[in-house]
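K.L.:
Spelled out, the chains give:
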Amino acid sequence: MRNSNSIFSHYRFIISIVIGLYALVMIPATSWAEKREFDMSIEDTRIVLVGKRDFHTFAFNGQVPAPLIHVKEGDDVVVNVTNMTTLPHTIHWHGMLQRGTWQNDGVPHATQHAIEPGDTFTYKFKAEPSGTMWYHCHVNVNEHVTMRGMWGPLIVEPKNPLPIEKTVTKEYIMMLSDWVSAWANKPGEGGIPGDVFDYYTINAKSFPETQPIRVKKGDVIRLRIFGAGDQVHSIHTHGHISNIVFKDGFPLESPIKADTVLIGPGERYDVIINMDNPGLWMIHDHVDTHTTNGDKPDGGIMTTIEYEEVGLDHDFYVWKDKKFVPDFYYEESLKKDFGMHNSKVFKGELIEE
Amino acid sequence: MRNSNSIFSHYRFIISIVIGLYALVMIPATSWAEKREFDMSIEDTRIVLVGKRDFHTFAFNGQVPAPLIHVKEGDDVVVNVTNMTTLPHTIHWHGMLQRGTWQNDGVPHATQHAIEPGDTFTYKFKAEPSGTMWYHCHVNVNEHVTMRGMWGPLIVEPKNPLPIEKTVTKEYIMMLSDWVSAWANKPGEGGIPGDVFDYYTINAKSFPETQPIRVKKGDVIRLRIFGAGDQVHSIHTHGHISNIVFKDGFPLESPIKADTVLIGPGERYDVIINMDNPGLWMIHDHVDTHTTNGDKPDGGIMTTIEYEEVGLDHDFYVWKDKKFVPDFYYEESLKKDFGMHNSKVFKGELIEE
Amino acid sequence: MRNSNSIFSHYRFIISIVIGLYALVMIPATSWAEKREFDMSIEDTRIVLVGKRDFHTFAFNGQVPAPLIHVKEGDDVVVNVTNMTTLPHTIHWHGMLQRGTWQNDGVPHATQHAIEPGDTFTYKFKAEPSGTMWYHCHVNVNEHVTMRGMWGPLIVEPKNPLPIEKTVTKEYIMMLSDWVSAWANKPGEGGIPGDVFDYYTINAKSFPETQPIRVKKGDVIRLRIFGAGDQVHSIHTHGHISNIVFKDGFPLESPIKADTVLIGPGERYDVIINMDNPGLWMIHDHVDTHTTNGDKPDGGIMTTIEYEEVGLDHDFYVWKDKKFVPDFYYEESLKKDFGMHNSKVFKGELIEE
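Each protein sequence line maps, in turn, to chains A, B and C.
Residue numbering for the first sequence follows full-length UniProt numbering, starting at 1 and increasing by one per position.
Residue numbering for the second sequence follows full-length UniProt numbering, starting at 1 and increasing by one per position.
Residue numbering for the third sequence follows full-length UniProt numbering, starting at 1 and increasing by one per position.
Looking at chain A on its own, in the form it has when it is part of the complex (with noise of 0.2 Å):
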């Protein structure tokens, strides 16, 4: 095990006792930034855009998108990453502000050294700034993160939200990003000038087999979106205000209203919206192109919110007798305690070597 931040582990001891000292007084028991321990893998891993459309990834717990780690501001995240595939990896928690633990940045050649097959890093750093952050590998990204599947979410809760995030009633986790299908099954290899897109995905899957946002009038959703892979693109919510609130987690000063909100890579949006209009309404990528699988409409980046009050009964709806799978965008998952979870849902199978 290669790790680098035995002194960091002991500086941050000794803070911790002045900084708790300093709490006792001061703070109410209840409010007290916690430690949050989470063991993580990186795995071989087939994981399905849509229908045959395989891909061979580097999943962080077999899984793309990766678990959601989900944390209190100012909590103290230690996780310990082991990588059991045949490539060196790392982690950078895209967004954490990494103040005085620079080393835990997670960039090779910058602040680490990659860790290699087989071997166990830990990261450990303050939950700083709230906000929808994420993370990815640092390693080759031009493969590892376009397309070898190695992101997932990282959501901050604030400790003073915003008025208008004590409004929402529900939330959902869009992670949007591009495939090259040509380099499938070619791992180690691809994300190189030339490339042709071919799928396009939301949470990793490709319509129809990505799922809707259910809900009720009276509702108002909050959509996380990222720029989790290499291309632009332009969410269109029809029937709807979408209210445009964060940027990369923080507050826009002036929040801004729109139907089609564009997204660059590495960017988040928070996108607050009023359940005020029952029906079934798409939500797609007005990037056009980007509504294929291969050469195929209809796919690509493309859900539909459905109201309850309308149902689904209607004989030209595409998704009436879909199964439904909840959790798809973390939603379920964004009500439980906080810690990271996993979900099964986006669990893929193990590549025996």
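Rather than coming from a laboratory, the hints here were simulated on the basis of the structure.
No false leads were mixed into what you were given.
A pair counts as met if it fits within one copy or between any two copies, since identical chains are not told apart.
Pairs of lysine-lysine residues, derived as PhoX-like cross-links and limited to a Cα-Cα distance of at most 25 Å, are as follows:
#1 LYS217 with LYS124
#2 LYS72 with LYS257
#3 LYS72 with LYS344
#4 LYS257 with LYS166
#5 LYS186 with LYS296
#6 LYS124 with LYS216
#7 LYS170 with LYS347
#8 LYS323 with LYS216
#9 LYS322 with LYS217
The structure displayed is predicted, hence computed values, not measured ones.
Position chains B and C against the provided structure of chain A, taking the given hints into account.
P.N.:
Using the frame of chain A, we list chains B and C on its own:
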């Protein structure tokens, strides 16, 4: 004719009575929302982008862009659409909230069956919210929207315009799109990963077959810019300050000053510019490769602002002898009464079966 | 020499007298706008992006980026441009309002005849408005701007800087662009649909031949980021909060906090960042495929922030023994007196005919 709106019609009738009674008491007659009914066809139509580069489109009323629909906020809009092509289509009214009228949202497999060849479908909805909206087919958008010309402007005038809107003296509709010439004459195919976009247009014409924007000092122009195609565009206006005032029809809480406006697919930006600097000035896409036609510069998304104060008689000016075609930006139609405005400027040639 | 500015010169002379008399009474001598005159050539120049990847450019003063022009708001700028290449060119002063001087806007076929080989053209304009501006050729922009290196920074210091600007201790110019190696040594060709962009640069260098940003705790840095190429970029800065304060030189009414900044072609964003977190931190394009050189990672648009507090002596650090070349971001030139600053850092090799 397949139309699932009969229940809806009944419901609207009752609502109309209730609102009507209220309106008799509260609102002066002149502001009463009007019913506006239009007939529209979809026709196999050959258009010319530039030079000899023609394209087989499925054109609303045989023109690309489709007819201008110009109504007031709150108007009741009825559109009878007859499909005269050999493929199924719909119309999605992009930006319309469709409150209480979700089955008029125009999405096949979600809100209706697609309109089969020979069939007519009637869309009924309230014009809400106000702003720069548009309409387009929602069947196989990767082909039909991207490169079969199935899009047009829907301008909803606000009941209470912003002060800055009242300063505008001239307004212009600029719908940007992108074409793959490999599919020009293969209707029913195209818009797939790997496609090479090689023509770029404003209102379906490439430079030098676009038209100038003619102004005089003191004018205040409003450019209503639409991302109607598949690519991102970056519109640079020379010699003036671009005030970005609306996005997707909604006023920005904090308007943005710029010289270059990035526009993603599906987005609209309203840019208001004071004409305070006589000269001949370029407006063009700063995505440099979008200023070619096929493999030749200059072309694509490019035009000029011409001030009458400086005239055209400059030996270096490429358009000094150009035949001016008014209404290329619907600037004349926008001054007419509310309603649907066809334009012979955009009329293509009917393709007989 | 072809120059249509003689009338203009006369007019400016009279205006100068009038303003001059006014200024004698009203304005202290030190704030008087100055006339700044520069000579600039355009030369066939070979530059190296990274490793052995050279490129035939048409370089202003034989360098890419072009010389830094650094003036004060209101200055009268005169630039005598001599074209020593075999193809026609112009200079467009992107962002300059050119009030009253439209024939100095540098657009062939619209504001002037292009400058033919061997000819000189004199541009005269007032530096207005202030901010992060740039200049580039406007002939065949799809080739000359996209991949012949014809662009440089024009920084106009404001008369009345914002309070936040006054906190800045160090500033950096980062011009992003994209290259198609297939055309590297075919001047007069390229920049057409179907091109495969395969090199990505900051100030015409790809990682690892970019340079670090060296700071100490307490510094406040200003990154002036330019979309100088053909592609969209998404700049992610690790470990810090990016304050987006200006777009295209104009202050944002509501500045935006972010960790990732999306930049379209032609746009500029000024990002101000407090250096409050010692470490080694990446700044890179989150368009993952933009971090390759040809078909190899790591490369492209990538650099690091190096705090002196942590030093470079870390065995994992790729740049621990790197030769530091100051002024790679014009950070030294920006501290000098106003004027035009050539930089030997960017100087290429003259290509003899």
